[in-house]
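Listed here are the chains, written in short residue letters.
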Amino acid sequence: MHNSEGLKLENKNDNSGVEVLKQRYEVSADDFASAGAASAAVKKTLKQLGFSPDFIRRTSIAMYEGEINMVIHGGGGVAEVGISENQVTITLTDEGPGIADINLAMKEGFSTASDTVREMGFGAGMGLPNIKKQSDNLSLISEVGKGTTLVITIAT
Amino acid sequence: MESITHSVTLDAEKCKGCINCIKRCPTEAIRVRNGKAVIMNDHCIDCGECIRVCPHNAKKAISDPISMIDNYKYKIALPAPSLYGQFKSIRDVNVILTALVNIGFDSIFEVALAAQNVSDHTKDILPEARALLSGPTISSACPVVVKLICVRYPELLENVLKTIAPVELAAIAAREKAVREKGLKPEEIGVFFISPCPAKITASKYRIGYDGVVIDGILSMREIFVKLLPIVDKIKEPMKLSVAGARGIKWSFSGGEGSAIDESLFVAVDGIDNVIRVLDEVENDKLSSVRFVELNACPGGCVGGCLSVENPFVARARIQRMGLNLSEENDTNTIDENYLDPEILYWQKTPESGYPFLIDADRSTAIRKLADIESLFETLPGIDCGSCGAPSCHALAEDIINGTALESDCVFKLRERMSTLFREITELQEYMPPPFREQGRGQMINDK
Ligand SMILES: Nc1ncnc2c1ncn2[C@@H]1O[C@H](COP(=O)(O)OP(=O)(O)OP(=O)(O)O)[C@@H](O)[C@H]1O
Ligand code: SF4
Ligand code: SF4
Ligand SMILES: [Mg+2]
Chain A
1 MHNSEGLKLE
11 NKNDNSGVEV
21 LKQRYEVSAD
31 DFASAGAASA
41 AVKKTLKQLG
51 FSPDFIRRTS
61 IAMYEGEINM
71 VIHGGGGVAE
81 VGISENQVTI
91 TLTDEGPGIA
101 DINLAMKEGF
111 STASDTVREM
121 GFGAGMGLPN
131 IKKQSDNLSL
141 ISEVGKGTTL
151 VITIAT
Chain B
157 MESITHSVTL
167 DAEKCKGCIN
177 CIKRCPTEAI
187 RVRNGKAVIM
197 NDHCIDCGEC
207 IRVCPHNAKK
217 AISDPISMID
227 NYKYKIALPA
237 PSLYGQFKSI
247 RDVNVILTAL
257 VNIGFDSIFE
267 VALAAQNVSD
277 HTKDILPEAR
287 ALLSGPTISS
297 ACPVVVKLIC
307 VRYPELLENV
317 LKTIAPVELA
327 AIAAREKAVR
337 EKGLKPEEIG
347 VFFISPCPAK
357 ITASKYRIGY
367 DGVVIDGILS
377 MREIFVKLLP
387 IVDKIKEPMK
397 LSVAGARGIK
407 WSFSGGEGSA
417 IDESLFVAVD
427 GIDNVIRVLD
437 EVENDKLSSV
447 RFVELNACPG
457 GCVGGCLSVE
467 NPFVARARIQ
477 RMGLNLSEEN
487 DTNTIDENYL
497 DPEILYWQKT
507 PESGYPFLID
517 ADRSTAIRKL
527 ADIESLFETL
537 PGIDCGSCGA
547 PSCHALAEDI
557 INGTALESDC
567 VFKLRERMST
577 LFREITELQE
587 YMPPPFREQG
597 RGQMINDK
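Taken in order, these protein sequences are the chains called A and B.
Note that the working numbering has the first sequence beginning at 1, numbered continuously upward.
Note that the working numbering has the second sequence beginning at 157, numbered continuously upward.
Simulated from the structure, these hints should not be mistaken for laboratory data.
All values reported here derive from a predicted model rather than from experimental measurement.
Glycine is no exception: its CB is placed at the ideal position from the N, C-alpha and C atoms.
Careful, some of the hints might be misleading.
[Stated by the list, open to error] Just so you have them, the derived chain A footprint on chain B, three or more residues with Cβ under 8 Å:
id, segment
1, 436-447
2, 505-518
3, 522-529
Work the whole structure out from these sequences, hints included.
Below, the structure is given as structure tokens:
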């Protein structure tokens, strides 16, 4: 279960002085069996820290969708999670194919998932829109051939 | 207030302090302290896994002694339908019910009959419950599941079907029936449940969704089995006592409840690990297409309860066969409405949920503690050997930061410290003046 590479307590550099608990997870490509492991671990942590059920639900849905996207589309990557008293920031970075048209990718129902992936129940084109719905702030930076970075912020 | 709200306990004499149970417990509720297993009350969900796994029979469920029935003028037995599957040669439910009369009960009230009422009621309320929910409705029939949800998935409590447990409904109706038909005072009547599991023992004493108690004593199925076994074969002309149909008795195995409510899209899941997996999925919104989830903590359902005797697969097959022998009309039998107040079908209060795994009530303290736990965890060997008495290195790290364990409880840490100590002693020895006696002999300790 503890596939985290350790949590670190750091002071954020944004001079707010807020303490942030950092978690880092490797997410490997096409590993459907353990896809969702990182968001599950984060969920456990949030429960231990006493976040509200609704906050935990939003966070884990958003992170799960992002994690799955890295597995299916991004060729695997790294999930970094920063937890502070009233906010969670999830940074998902991959060095996969990137997204050509971000606006299109954000549209409900848009998907480039293969038939095999669809047969597994993914590929409805609802992941990114759902992340947007659950989060308070979303930044998606992507360059074709370089990779994709998704930063999801959820506040209590 | 009574603080122990579970029925699984330790027989300290038999406990060898081996680590089988701490590893098996789904809520990490057990630690070995001073050579004996200790169960943490607020973590235990009465699943009975530790009873099943203990090689020394040191874990047991606290049930009431059968002699307790003598305290009452009129004794009623409420057999759980899983009892029906325990006897090799018996195909007729009436034989088992008659045997219960022969060992001293004045009347029998089948829990399976009450299960038919609950099935009807569930059928009625399910559409409405579903309309208000995202995700499936979750059965509340297994108290382990409800307790697990309370401690680990409190947000899923709203998905739980808030209906009375069949055994409680049976108890209320049985007492009422005896009062009216026999002219007895309620307190002269003793209502006894024959339970397949510790969780139902606990739930009878600390009711889920209700205050007060409606069952006077809870007997272990294992103990009753031993009483019944020598007599069942001798019963040639059983009394006609069975009223429940196949629909009620199949609540005893996984899938029975879901099919009894004619729910087309339901999943039935049994075994505590599978239950946890499914609840994780419900929590992650992955099962929204399913309408009803029937969850049983025991393998195979209640036939696999840790107080049952027979292998659950065999017991299931027998109960299914018995069901075929019951008349179809029995399926429509229900408890006479005169004995029931419809109000009691719904939970009257929400069970307490709480997250015993919470690190600290103050979040910034919790964040700091968790960081400490994680950095400590990194220094532990990570092989989850259990020698420290905690189920995993991570659990030990949590215990140490919470002040309930010491770093030196880890044998590897202890070894590290000992070798440091030895090194220091050896170093110190260099500076030690030679002892007088040896000096007198003209010999120094470090002389080669
Ligand atoms: N990390 C990524 N790397 C490359 N492409 C991505 C990545 N994430 C998303 N995409 C692209 O954006 C599209 C839309 O993503 P979205 O998560 O909304 O839907 P989906 O993953 O295709 O289906 P669903 O999430 O409903 O299973 C994807 O089909 C894919 O083309
Ligand atoms: S009954 Fe279950 S939850 Fe309770 S201590 Fe035993 S294994 Fe753990
Ligand atoms: S499945 Fe049945 S026997 Fe097992 S714990 Fe749940 S209610 Fe008890
Ligand atoms: Mg997606």
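Original post:
Against chain A, does the segment 436-447 of chain B show at least 3 residues with beta-carbon separation below 8 Å?
Top reply: Coverage by chain A holds here, the residue count being 4 at a Cβ distance below 8 Å.
Original post:
At a Cβ distance under 8 Å, does chain A reach at least three residues of the segment 505-518 of chain B?
Top reply: Three-residue rule met by the segment 505-518 of chain B, so holds; n is 6.
Subject >> Outcome, coverage of the segment 522-529 of chain B by chain A - at least 3 residues whose beta-carbon is closer than 8 Å to one in that chain >> reply: holds (count 5)
Checked against the numbered hints above, the structure violates none of them.
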